[in-house]
Every structure is written in structure tokens, then in C-alpha cells.
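Chains as they are written, first to last, in the working numbering: chain A, 449 to 911; chain B, 449 to 911; chain C, 449 to 911; chain D, 449 to 911.
Do not rely on the hints blindly, as some may be mistaken.
A pair counts as met if it fits within one copy or between any two copies, since identical chains are not told apart.
What the hints assert, rightly or not - Dumping the calculated EDC-like pairs for lysine to aspartate or glutamate here, alpha-carbon to alpha-carbon at most 16 Å:
#1 Lys688 x Glu668
#2 Lys795 x Glu711
#3 Lys595 x Asp607
#4 Lys688 x Glu826
#5 Lys837 x Asp729
#6 Lys624 x Glu515
#7 Lys595 x Glu574
#8 Lys595 x Asp575
#9 Lys899 x Asp690
#10 Lys678 x Asp645
#11 Lys825 x Asp733
#12 Lys624 x Asp552
#13 Lys599 x Glu574
Since the hints were made in silico from the structure, they are not lab data.
Protein chains: 4
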Amino acid sequence: MNDILDKPDEFCGVVGIYGTTDAAVNAYLCLHALQHRGQESAGIAASDGINVTKKLGMGLVSDIFNEQNIKDLKGHIAIGHNRYSTTGASAALNMQPIVIKHRDGILGIGHNGNLCNSVSLKRALEDRGSIFQTTTDSEVILHLIAKSLEKTIVDKIKDAARQIKGAFSLVFLTRKKLIVLRDPHGFRPLALGKLGDAFIVASETSAFDLIGATYLRDVECGEMIVFDEKGMKSYHPFEKTDPAHCIFEFVYFSRPDSQIFGEYVDKTRRKLGKNLALESDIDADIVISVPDSSNTTALGYSARSSAKYEIGLIRNHYVGRTFIKPTQAIRTSSVRLKFNTVGGVLKDRRVVIVDDSIVRGTTIKQLVQAVRLAGAKEVHVRISSPPIKNPCFYGMNFPTHEELIANNRTVQEICDYLGADSLKYLSLKGMIDAMPQEGGQKYCTACFSGKYPVEVDDLQSDS
Amino acid sequence: MNDILDKPDEFCGVVGIYGTTDAAVNAYLCLHALQHRGQESAGIAASDGINVTKKLGMGLVSDIFNEQNIKDLKGHIAIGHNRYSTTGASAALNMQPIVIKHRDGILGIGHNGNLCNSVSLKRALEDRGSIFQTTTDSEVILHLIAKSLEKTIVDKIKDAARQIKGAFSLVFLTRKKLIVLRDPHGFRPLALGKLGDAFIVASETSAFDLIGATYLRDVECGEMIVFDEKGMKSYHPFEKTDPAHCIFEFVYFSRPDSQIFGEYVDKTRRKLGKNLALESDIDADIVISVPDSSNTTALGYSARSSAKYEIGLIRNHYVGRTFIKPTQAIRTSSVRLKFNTVGGVLKDRRVVIVDDSIVRGTTIKQLVQAVRLAGAKEVHVRISSPPIKNPCFYGMNFPTHEELIANNRTVQEICDYLGADSLKYLSLKGMIDAMPQEGGQKYCTACFSGKYPVEVDDLQSDS
Amino acid sequence: MNDILDKPDEFCGVVGIYGTTDAAVNAYLCLHALQHRGQESAGIAASDGINVTKKLGMGLVSDIFNEQNIKDLKGHIAIGHNRYSTTGASAALNMQPIVIKHRDGILGIGHNGNLCNSVSLKRALEDRGSIFQTTTDSEVILHLIAKSLEKTIVDKIKDAARQIKGAFSLVFLTRKKLIVLRDPHGFRPLALGKLGDAFIVASETSAFDLIGATYLRDVECGEMIVFDEKGMKSYHPFEKTDPAHCIFEFVYFSRPDSQIFGEYVDKTRRKLGKNLALESDIDADIVISVPDSSNTTALGYSARSSAKYEIGLIRNHYVGRTFIKPTQAIRTSSVRLKFNTVGGVLKDRRVVIVDDSIVRGTTIKQLVQAVRLAGAKEVHVRISSPPIKNPCFYGMNFPTHEELIANNRTVQEICDYLGADSLKYLSLKGMIDAMPQEGGQKYCTACFSGKYPVEVDDLQSDS
Amino acid sequence: MNDILDKPDEFCGVVGIYGTTDAAVNAYLCLHALQHRGQESAGIAASDGINVTKKLGMGLVSDIFNEQNIKDLKGHIAIGHNRYSTTGASAALNMQPIVIKHRDGILGIGHNGNLCNSVSLKRALEDRGSIFQTTTDSEVILHLIAKSLEKTIVDKIKDAARQIKGAFSLVFLTRKKLIVLRDPHGFRPLALGKLGDAFIVASETSAFDLIGATYLRDVECGEMIVFDEKGMKSYHPFEKTDPAHCIFEFVYFSRPDSQIFGEYVDKTRRKLGKNLALESDIDADIVISVPDSSNTTALGYSARSSAKYEIGLIRNHYVGRTFIKPTQAIRTSSVRLKFNTVGGVLKDRRVVIVDDSIVRGTTIKQLVQAVRLAGAKEVHVRISSPPIKNPCFYGMNFPTHEELIANNRTVQEICDYLGADSLKYLSLKGMIDAMPQEGGQKYCTACFSGKYPVEVDDLQSDS
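Okay, chain A solo, but in the shape it has when bound (with noise of 0.2 Å):
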């Protein structure tokens, strides 16, 4: 959980290349696009037809990679991973993508997604005495892939993929080849572009603007791609589903300028900052965002309401997320640090805030706190999506039921913990309305409805 920002973490972002020079500089550039999606570990794995290399540490991209490591990675394929924020001492442990050895060859994965029947699928390798190097679920796949009795890389991948339930965009590295794979119902973004007669996949479309690339479409749901020198091949492992993506996705995780499940970000946060004002505006005279986040969201708000769009708040970004502590002697607060508010705007105005989630609630109660000390007259909080009420076991890290401030307290209830002068959620309907709804869009809304698409089997695990 990201405590100072009181937002879910994501996970992971991924990143696959076929058929560059340097593909590894390609991938550089890109975890570069996606350092949003994962900001603890970093890591490339890159072949050039014979010799794999890799190169995984803590920290950010530009942290860990330098001129000399990043050419070392060579070859013409390449996948990368940026890992969000796990516990303590298993950090370093699970950083991606992981490179094995097995029987026939070098296998390197990167996982963005959480699998929902990790823990017995372990149990059971375990129980056949397999043993494993990380607490990741990640891990499990390579090992349903070592054990398969198929002949080809490729087939042992559908095996193992066959085998396993969930979240999961997936790229493989090979000495030869590039294969990447999403979970049927599609949960997370996975983008296939075309640079060049090259092929990149990535999470989200950002990548493929940073190094000139092409949008081509999704990888679909449950569709399996192998790239190598006789070009790409798909595949469709799995049984037709309905799809299922994470709706969290457009409401705060990927960037505005990314296109994810076919579709502009920004558009959508747009459309739901206006269908936020048609369900809830009210008389003020400024809305602002919670930057940067809402900041596409307060826009579109602002263009249904009669309050103008101002920039209230300013948000630090040399702050990162270790910062010490003040004694108690000390009156601030990490989100003081992180958000400072701008007196001449906020000065005796009426002031909605636009948000696009509410989870331990934290920072927007000292959000209010700080714009009613710069000398707002008013203070009105708008969510641009509706109330958690429940973890998600797809790859998003949320805190337990009980630290989720909207199980069990009605909306006033919150409100008059924030201490605002108002509160309001977007509807349910109101949120799906705003979304892209063409060739069967469907989407994932567990967190806010309860209604979870895939069966968890096990407690939820790590990854």
C-alpha cells in the first residue's frame, strides 16, 4: 500500500521486445514509461539467439541501470519488469524476471497479475519435491512449466497456463524466442505494438510513444503469442470467457496518456469527473484535483459545474516514499510534505475536491485539513468512483476489510471523519457509464461490488 498517497499499489508493469538491435535498451526505455506501475524492483532479461543476460535490482530504473550494464544486456529479445513494494526481507528475493535453467533451455518470466490457486498448485509441487527460490506465485508457473511432459517450449507454457487461475500478463524470454500470454478474463492491460518490423508487448501504450512504436491492438484475452524469426504466431489456449478488466485501471492506476483495453485513459477519467459533477455537483466556486491522479478528472468535472478549475494543491515529487519520521515535537505530516497547499487560490473560496478513490482515507482527511487551514470557506470532497468495500486477489495490494474506511460506515459517516463539508461517491452505474463499452468490453468492479470473477481458491499470495 502506498500510505502517503492512501492509494492501492499495482503490482508490476511488463515489457516485451522481439526483434530489435539492443532490444534491451528498448525495455530500458519503456520500465522508464511504466516506473509508475512498480517503483521497488527493476529488471531486464535479454538474449541474443545464444547467451541470455540479466540485470535485476532494488530501486528505480534509473537506479539500477547504467551504460555498461545495459549493454551488456545483448540481443534481439528482451523482457522487463517493474515490481511494486513487497515485505521486508523477501524484497530482493523476488525481484523479476526470474531466469532458470531447466531441462531443456533458459526460461525467463515477468508477471504482472496475482494467480488465485498459488498456494495449492505449491502445495502440491512441494509435495513432489520441488523447491522454490522466491515467495512469489510467478515461480509457480516455472515450475509447472519444468515438470510438464510436453515436447515444446511452447506447449509445456499452454500446460503450465492451462493449470493456472487468475491475474496474469505474461512475457516469457527464450534463448530464441519472445512468448507472452494473458489470463482469459484479461484483468490487466497488455498492449502489442510494432516498431520497425519488430514486436513489443507492454502494459500500457505510454511504452510504445516513448520509442516511437506502434499501437497494433490488445493481446486478447486468454491469447497466447510466440515471436520468433518466422515472425508471431497466436494461440488460444484457454476457453472463451466473459472479460473481466480491472476498472481501477482507467479510474486511477495507468497513465493519461496510455490507451489501455483499447482505449484513452485520460478520455475516461474526463467522462467520469463529468458524470461525477451530473450525480453531485454543488455550489462552490473551484474545484480542484488531488494531483496528479484526478488531475483529467477535476477537468471534467469542472466542465459540468459552474466552479472554476484551479491549482490548489501542489504536489512535491522529490519526495519518495521513505522519508523520516518527524518526532513527535514536530507538527507535519508525510502528506504535508507530499501536498502543500497554494493560500492565494484557496482564500475564503468555496472548494471541491475531486479524488478518484478513498481507501484508509488518511491523506484526504489532512488534504481537508490543510485547505480549510489555508482559508477555504467550504470544503467538498467528490469521488470519482464508489466506496471499497472489499480487497481485490487480482493484483491489486489493498489493506485488510478493517482498514478500509468505507466497510462498514456509511458515506456520512466518512464524511464527517474527513471532516468536509460534504461528500459524495460516484454511483456504480455511474463509473461503468464512463467506461469504453465496444466489442463486448466487460470489467472487473470486485473491490466496489463484492462480484468476484474467478473463484479464490487460497489465501491470497504474493506477487
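Start from chain A and add chains B, C and D according to the hints.
Same frame as chain A, but now just chains B, C and D:
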């Protein structure tokens, strides 16, 4: 020079605290708030009345300080400093605060600004046997103090201050005192605040907001203030002269949520945007900013224009100043890594891009291309300050004359170079009109106008 | 290979403790005493009956451990490991103890020795889907245990042990037990001691001396001992066979103050020196050693010779194994950096240099030159073991056949290469005569004689 | 103080080279040979006639230098320095060579020794406005030079040299010159050698051996030599006085393979051992040394005794000066970690332990116990120098009077404290008799006799 952003660098930010428990913790928080003024190194020196301790390091405040080393900086007095990039090897040497032992005790110094006669002073001091540890002009001040024949540290500092010329907002720490000093023209900002019974000075008031301090007033031009157990005592060691506040602090450097030279930066920038629209509006669909420094200016522009404010460029805040130049085979640039376009917003629109200044023109040229590539029909560039034609000798880091794009080029030539449909700069008059004028406020506009308020004796030295 | 010293490397040292408070502290001290057996990496794993913790690192024991990380290794059970240099990238990967989670719990392993069938075992395991983390043969043992169908960890280890061939002195740690195991031939030493009520096993008894433990006896050839809350229980899972103790442990590897294979190394080395003098004494003034490994041998030699024992070579103990090769313009060598001659002792003397072995001959050649340069009239080389003609598959790291100077060269040819006045090796008979023979002690002399006690199925793997 | 060994520390070793290609590589090798004189930090400064570069670091020479940073130290002139441990925070600050820019150029200094009037000189310099960077007395010399009114650097150094008192073997580097200087009493050694056409000076001649240089003579007491493109020129800036060579250099500090003060250390130590046996032999079986510093002395002793020379103590050279104190539950000590007994040699024997000196007595006390524990019937301690009763002000680091075991204790009381059967020190006369006397050599014996050749004005400062 900040190459990726094509903006001049400000050399430093300073803070001084007298009278709180754990003054260093307050200094640490304030350095976070002033991080935008210098990102190469940071440091804090503290005194508990008997022992002086310090901690300096290369990198961001959050990289340098941790719970333990902050705790080791004991006492009720502290000074802190953020420093901008200087060249190579001398970087670590030149970290501040510089703390020395001299005849009468310990003295620490933090300096924002640039001396204009440091070279000749240094030569004279070396002729008398002084040995310099750093290549900063700030150390010259220390040697002048150490050599002063005056009796008290206060008189020694006055003595030294009268010998130096140029821009200096200074914080000094001794075992028992915090002493602050601002040059007679007040080139760089320096605000005075109160936190309970304690005093604080800082380059910008956003540092006060963070720790809950109240802004009292600016340290006056030419004022020296001594804080010790007897309270606060003000001196005016210089002859009175006209103020010459750096106008670029309002245009670009300072945070929008700060008050400098007695006014909210945000308000001034909004006015710059309005004046810019009044002078040079054009028929367009949308106006976008180059985030984040020109956000408010673009909002101001849209308020006087028929073009709607939109978010058309997304800035990747994870990308630092160092980044691996990809090989020539890869088509991208550090500018694209830093900024991406929002496809849905720009396509088929007539776009006005508002930026605060152009130095070399490299970044805005690439942004114009990127916006066109995203489908914009027209791209018009509007700059909220006049063409920059001259170097600064008072603390900004510009490229040489030859590299300044406005040197020896007409606006139309620059427009052609950028590939924009039109380019307009705000007039000098329009810029000054946006500035606060109460109380005889006057501004240094040397980089635009070539009128230098203080003569420069020496080749520019590094501070 | 230790190039500067021109000696084979021993792969490792191991230690295991059961029953003391802070077992890890004892393990840490013992690893110091066993540092000569491996200097590339070291590690300790500890258990308090519930939690297993570990700390591993590259470098010397004193580089890796500090007050804090030793304190974190809580519990009454610990195993430790020093490891010798292996090639490049795999080094960090191959640090020991390796600690894994398997179906039934946690298992740590430390291994001294080398398996002779690890390649074929590994291939078979990979065919059944096992994924290897390291390139050590030690990991093969873990996979065999994890895959064993036996019920208890004791039976699983027995099951695995019966499948492996070669040299292995092993220490295992589980949550509740310390288990140790020595191969049927007892290639590598493993001593059993007592410290109050606690038990300790270590590669050499000098580890016992350091912590005040008492030597009880050796772990027998083919013996497995389990230490847990019920005390100590001994098993013999293998068929009985003849011992084949590595004779090189006496000649060079072990510390002179250790007892191995039941005898003081010092005593054996003195006997080697005496036998060497009896076989090949020559009329000379002084006998000097190549410090420190042949000090005792040279003393023994002088006891049976008219030549007086002197200190003619000084070893610089600060010089580690890495050292910058000076440019060709500089006339020196790593050997000269490591050893200097004592001018006053050597001048105008007829000198016997006693060394324990010659591998490539590079070092002794330079020492002969150096001794001549220091003014010696004659230089005679005496080696306390026979010519080394064959590789070792049981845990010593030799160069290839081609690089062994005694391969395809007569003693006279070697003498000419060294530039010595005479060269004599101890005979195989003379060497074995110096060894303890009680209780049917027998020795592996394969590197001298070519007689290998255990067949080697595979290409040599790395351990 | 080297606590584990219970020996005084020597503060430093110095080297200077003029005239070789890659002088820094030669300096680097020499620093390896002088590592025993200082292990806390090391540094090299080099000049190619135009640019001066330097590299300093904490730790051993092999930790600090690598292929790249040595390569960066270009030029035909170099000075190098090894430094011993000083207290805490000031350590990194006080690394040498110190390199400064002064009025007339660049000056580097490396200093072995200790000034006796540095405190009063420093006070006077600070009164005139000098700012000190370090807490070393060496920096005083630099300030005296920077302040000198003489015209040339040679005259400035002479001017400064005449103001300082005490022990100083100095190497200076300028852009064009190497200048070396030895105090009038010649407390510390400084040898002059030749390497082809190039010149070299170093604390000990073992540095010459390593790079193939030839020993010419010592830099004379009170001599200053300037090396530049015109060759070598000698000056004698001081009034002539009696030599006062540190006798402890022969007793303990210098390497046995070095010539200092014109004589091989080895030879002198052998004589010390012989004299010791002549004065205080006892009926015993064996004589053992405390390795490695008293090896030769013990050999000398055995030559005049019926006791046989044996190796009864093994020193673990991997154990550095830092080591984790085990908890009280563990019965061991840093002495036991450093030295182990050889059981087979000591059991049932009457043993003479020869050591060169006793400072606190802590180490020898534990060695006596250890030797008894190994079964010795009798343990007699013989020391090859008189009781140490006084501090040194010329470059050795002793504990305070109170901690010196021989201060206010009779030899019998010390013997009782050690638990030895007998204890004898060599007499002052016996020690001096072992020293070379040709050419009027005279020695400082202040630590034994209390007769100080140079008056000490100040409290001892740190160098």
C-alpha cells in the same frame, strides 16, 4: 543547466532555525520543501550551544538523511543548504554548509547567490597565505571573516559583508547564534518566520507551511539579523540602495505555493499568463502547459482566451536528470522520456503551448514536434517572459551567449527553428506589470534587458 | 587456483554447533579459525528451534559479519561455511550455506568436498522437472532430499547420501536438528568436539581451540550423526570401505595447529621435512622456508641436516589475492609483492629452500631468482611431496594437466626451468611414511600417483 | 594503539618518486611494501608537470586502489602515504597526502613523524586568520609555507622547516618537483634510492626491493633534497645536531628485510636476541617467538641458548584489527583469535617465549595462559627491550602512563601479573649494544629512559 528541461538552474536554497528542540529535524523538512532549488547535494549543520555537528552528502535530501544521522544533529540551532549541479570533481568538495574552525570558534555558512568580486578577493587572500579548501565563492566570505580584526563574530561578519559584492542570501551558524544576511539589492529571496517562540529563515515560505511556521516578513535588502538567547536583533551594515529582485524567481524558479518578495508566486504567474493572452492571443481550441512550472501561467492564459485549458502533456516525475542516452538506433530523446503527449486531447486541435521561458530551445522544439505527431492541427507557442539574451552573474546558471537561442536571432527565426505555427514572447513591460510593485519593489531583469544592477569585476566564479 | 602462491585451493571449511546459547557466535569464531580453507565467501545459518535465519556474503568473515547481523542469527543451532574462489558471475550465487524451504520444513546445507556423479544426478533431476538455483553440486543433494519418498528428514538424508559419490563432509541444519555426514572414504577431515554440554563439528580442530571446545574424535568415515534435544545419535548409512584421506591436507591445506585424521598437522609436517632431508640432503649453509605453510617442514629438514634454519623470506600478509598488475614498464611481480628476501641472511650463503609442493612452478621460479639476487651462492630446492601429475576430483582446485609443471617433465627439466642448482622431491614412500598409520589410516594420493579411490562419472563440476 | 597485538602504532609510512613513467604505479607498489607502517588510510598524489591528481581512501592500499584510479594518476612525480589509526570522526579528514592550492601553485605533503610545537604554531596561525581543514600537525607546515614571504617554493619550505620542531620525514610534491626533508635528529627513517635514472625515497628499503630500485644512502639528518628536471640537489637548512634515531624502529616497527639507519633490521634483531640470551638465559627445552615480529629475535636467542627454536604459536593473518567481541557467554578473546598454540610442540616442554616489547601486557598474559593450557611445564618470558615507562612525542602511539604496565611496577610484579615462571627484559645497555654504531649513530630511547632529545612545547597533537 538543466538540459532536459532547458531551464536555467538556481544555485541553491537555504534555511536557518533558532530555538526549536531538534532544530535539525525542522531544517531537514524545510530542505525537502526547497529541494527544487538544488538537487546535487544537501547538508545540515546544528549546534546545541556547545557542540556543532554536520551531515552533508551528494544527492537528494531523502538520499542523504536517515533517522540516525538526523538524530545525531543535536541542538536548537541549525542551518541547511540545497545545492545545484556544478562541474564534475569539485562537486563533493563544494557541498554546503561549509563548517570551519577559526580562531574564535566554529562557523558554518550556507549561501544562495553569487559574488561578483570573488576572484579578486580570493587572489588577495591567497597572497596573504590563505589556503582554500573549495572552489566556491562562499569560502571567500569565511576567509574574510577569519582574517577580520574586529572583536566579535557579529562585527567580523559585518566587516566581511562590506567587502563582498553581488547576490547573497546567507545563513551562518556559530555555537550560540544563528546569523542571517541578505545583500543590499535582495537578489535572492529570504523570508523570516516564526514557529512558536522559535525563528526560522528560508529561501521560500513553502518551507514554513510544511512545519507549521508563520511568515512574518522578508529579511530586508541589506539586513543582517542575529538570533541568540537574547532574541532577535537587526542590523543594516550596508548603505541603502535600490532593490533588484530576481524576476526569474517569479517566472520560473520558486514554487507556486511560496510567497517571495512578499507575494504569492502563483498569483504572479497567473497574471503573467493573463498579460500574455492579452498581448498575443490567437484563435485556438485548447491551451496546454509544459508541466509543472507553467501550469498556473497556462490557466491564467486560458482565463483571457477563448482556448480551453487542457492537460496535453504528461510529465514523468520518476525520470531524474541522469539517464542513459540510447544508441542512435533508438529513436527517442530525454525530452520524450520526460514528457508524453495525451493523444485524445491533442488530435485535430489547434493548440497553444504556454511555457515560461526558452533558453536553448531544444526542449520546446521537441515538444512542438511531439504535439504535432499526436495529431494537433496547429501549434502556437507562447512564452510568459521576454527573450533571454544575457548571462546572469547573480546566481542563475545559463549557457553561454552563443547557446542562448534568442541571442542574435529574431523571434521569427526562433519560431522557424521550433517548427511552430506562431511564437510570441511576453513583452518586458507586460512581465513587469505582472509583478507586485508595492513598497518600491524593483526587479533585476538583466538576463532579458542587459541592465546589470551590480558591476562584475571578475570572471564568473562558481558558487 | 591461488596464483600468487602457486598452490591448489581447498574448496571449503565447515562448522556445525548444537546446544550453546548464541550458536552463531561460536560458528562465527570458528569460521575465523577456518578462514584459510576458503576466502571468497562465508555464511552462517542459525535456528532457535522455530525460526531459521541466515547471513551470507562475499569476502572474508571479518568483512561480512558485524555485531548486528551476528546478533540477528539467534538460536542454539548453527552451521557455517567458508568458500573458495570459483569463476566470476556464479560466485555470489554459490555462497553457502544454501537454505531452502521444502515440503517438510527448512533445510540448510554446508559442504566441503566434491561429488563425482553430480552431473548425471543433476541431469536426471532436471528431467523430472527440478529447477536449480546454483551451479554447485551441493544443491544436487538438496534436490535428492526434497524428492525422497522417505518419511523423516534423517531417512531422507540417508536416502540422498546413498545416491551421491565422491568427497563430502556435510553439515545440515533444520529447525530442530544439526545433522552431519562424512563420505565413506573420509576424503576431507571432520572433527567432533564438545563445549560444555554442547556439540561441535568442524573441518579442523583449531576451530575448537579458539572457543575452548575439546576434541572428542573424528566423525568416522561414512558416519552420519544427528544432534537434537535427545542428544547425539550415530548412523552408518553406507557400506564400509577403505579410508582415503586427502594426503594434501597434511602436506599443505590444514593449519599446523590443527589435528586432522587424528594427528597434529605440525608433527606430520616436521616428519615430512625430516624424511626429505634424509632422502636428499645436500651440503649447504642454511635452510629457509617459503612462509608460512612450509615453516615447520623446513624446521624438520634442518633437524636432519647440517644446514641451519633461517628466515630468509618475509611474507607480506597485507597483500590479498587481488592486486593490480603493474604495467610492463615496471619490473616487479605479484610474487615479489608477497615475498621479500632478507639480504643479510642470504648473502654469500648456500641456501636450501624448502616448499611443500609445486603446481605450475611460477612462484618458486621467482623465489629462486630473488634469493640469487639477494646474493646466495647456491640455491637448492627441496619439496616435501612428490611431483603433482594429476587433477583432483575430490575437492582441490588444480590447473589442467597441461599447466602442471610435473606433467611430462623430468625433475631435471623442472630444475632447469626454475634455475635452481638442484631440485629434489620427497618420494611417495617417504611421504606416506610421515603419515599417521594407526587404526588403518589410508590416504588418497591420486594427484601424485594417479590412483583414484572413487570413479568419476562426470566432467568435474564446481563445488 | 594496536590493542590485539599490544604494540605501539607507528603513525605513517611515506614514499616519493621522481622520474619514472607512471610514478604512481611505483608509489602504489611501495605503499604495499610499507603497509605495516599504517593501515587506516592511504593516498597517492601525482604530477605530470602540468596536472596534479590524487586518490585517497580509508583502509588498506589494496582496498583503495584499482586499475582505473591508479591509471588516472598520471605523471613522472608521485608521493604516497600510509596512515595509522587515529580517533573516530577525524579519520577521513586526516588522510594524506594533503594537497592544497596556494598562491603560487599546488603543493602536496606526506608526513611521517610528529611535531612538538604544532599547537603553539597553529594558535599563532589562526590568530592571523588561517583556517585549518584537518586536525593534523602536518597541515601546520602547509600554512607556514603558504604564509612564507620567501620567493621560491624551495625557500618557503626551508622557511617553514626552521619553524617546526620534532620528528618529520616529509615528502612534498609540486607540479614540477619532488622535495623531501628529514628533521635534524632523524627520528624516523628515510632512505634514498635509484631506479634507472629515476630517484625514490621511502621510509624503508623493502619498498626499493619490490620495484627493483637500488639503495643509495639515507636522506641525512636535517637534509632537504629537491628533485626536478635539473636532477637532485641537496640542502641543509638546519643547524647540525646529534642524531636521535628511534630505537623502536629496530626493535619492532620496521620490516626485518628493510635497511634503516643504514643497517638490516633482521641483523639487529638477531643481535638483540643473542644479547637477551646472554643476559638472561634459563634452562629450557624450547624457545618460541610471538610471530611474526619477534621471529628473528627468537632465532638469535636460540643461537646463544641450549633451548631449541620451535614454532609454538600460529598467527591467523586473516584476522584484522576489527573483530566482533563475542558475548560473555563465549570463552575466547581477540588474542586467541589472532594466535593459536601448537599442541604437539608445547606439551610437557619448558618453554621460553621471546617477544620484543610489552606495552599493557594484555596480550602476553593471554599467550602465557594459552601456552600453559597447551601443556607446557614451564613458561618463561624474555623481552628484547627494556621496560617501557614513558610516552613518545615523536610519532609512536602509546597508551597513557597509567596504562603502561611497567610504569610503577617492578619486573617481578609484572611477572606475577603475566602468570609466567620468570620474566626478564633486555637491559638498556644490552639493547644499545645490538645497534649499529658506525658513523656516530645515536638513538632516541625516551620511551625506555625518559631522556627526550627535543623539548615538547605543547600538549601532544595528532599526526
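(Q) Let me make sure I understand: some of the numbered hints might not hold for this structure. Which ones are they, in numerical order? (A) 4, 5, 6
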